[in-house]
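**Q** Per the working numbering, numbering of the sequence shown is gapless, rising by one per residue and ending at 457.
Just to be clear, a hint being listed does not mean it is correct.
[What the hints assert, rightly or not] Simulated crosslink set (EDC-like; lysine to aspartate or glutamate; CA at most 16 Å straight-line):
#: 1; residue 1: K366; residue 2: E434
#: 2; residue 1: K366; residue 2: E338
#: 3; residue 1: K432; residue 2: D408
#: 4; residue 1: K420; residue 2: E401
#: 5; residue 1: K446; residue 2: D370
#: 6; residue 1: K331; residue 2: E401
#: 7; residue 1: K331; residue 2: D413
Hints listed in this document are in silico derivations from the structure and should not be mistaken for laboratory results.
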Amino acid sequence: MKVSELAREVPWILPGLPVREAARLMDESNSLALLVKTVDDEFLGVFGYTELLDAASRGELDEAVEEYVNTEPPLVLHDADIKDAVLLFKKHESLYLVVLNDKEEPYALLSVMDVMKMAASIIENIFS
Numbered sequence: 330m331k332v333s334e335l336a337r338e339v340p341w342i343l344p345g346l347p348v349r350e351a352a353r354l355m356d357e358s359n360s361l362a363l364l365v366k367t368v369d370d371e372f373l374g375v376f377g378y379t380e381l382l383d384a385a386s387r388g389e390l391d392e393a394v395e396e397y398v399n400t401e402p403p404l405v406l407h408d409a410d411i412k413d414a415v416l417l418f419k420k421h422e423s424l425y426l427v428v429l430n431d432k433e434e435p436y437a438l439l440s441v442m443d444v445m446k447m448a449a450s451i452i453e454n455i456f457s
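Please take these sequences and the hints and turn them into a complete structure.
**A** So this is what it looks like as structure tokens:
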């Protein structure tokens, strides 16, 4: 199975968005992270669950996400095998991977939860 089969597009946000609003978008999109771009549409990084917890623990929910963006998130190509993605999750100790298209541009995320749901479905089919 390829990464592209499980990857999900998530909302893109600008770095000036308040953390509180990013948290709302994460909840609405049921995503562990959001992709962050500059006003020139260039990929800046990821604002994820870990960054949200960091901001919340500091009481900085009204600060801009740019203060917390992970500018070096782990990346995976859309045509990589899921098993390779699992190794990347472990190597980077990350809950998500940024998925790159053929032009090596970010377009989606793959989360640990996406992979776990797929694995649970396979196991369920084996035992049913």
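**Q** Compare the structure with each hint and give your call.
**A** Going through the hints against the structure:
1. K366 / E434: Judged against 16 Å, a Cα distance of about 12 Å means the pair holds.
2. K366 / E338: It holds: about 14 Å lies between the C-alpha atoms, which stays within 16 Å.
3. K432 / D408: With a Cα-Cα distance of about 12 Å, the restraint between K432 and D408 holds, given a limit of 16 Å.
4. K420 / E401: 14 Å, holds
5. K446 / D370: 32 Å, violated
6. K331 / E401: 23 Å, violated
7. K331 / D413: 9 Å, holds
Hint compliance for this structure: hints 5 and 6 are broken, all remaining hints hold.
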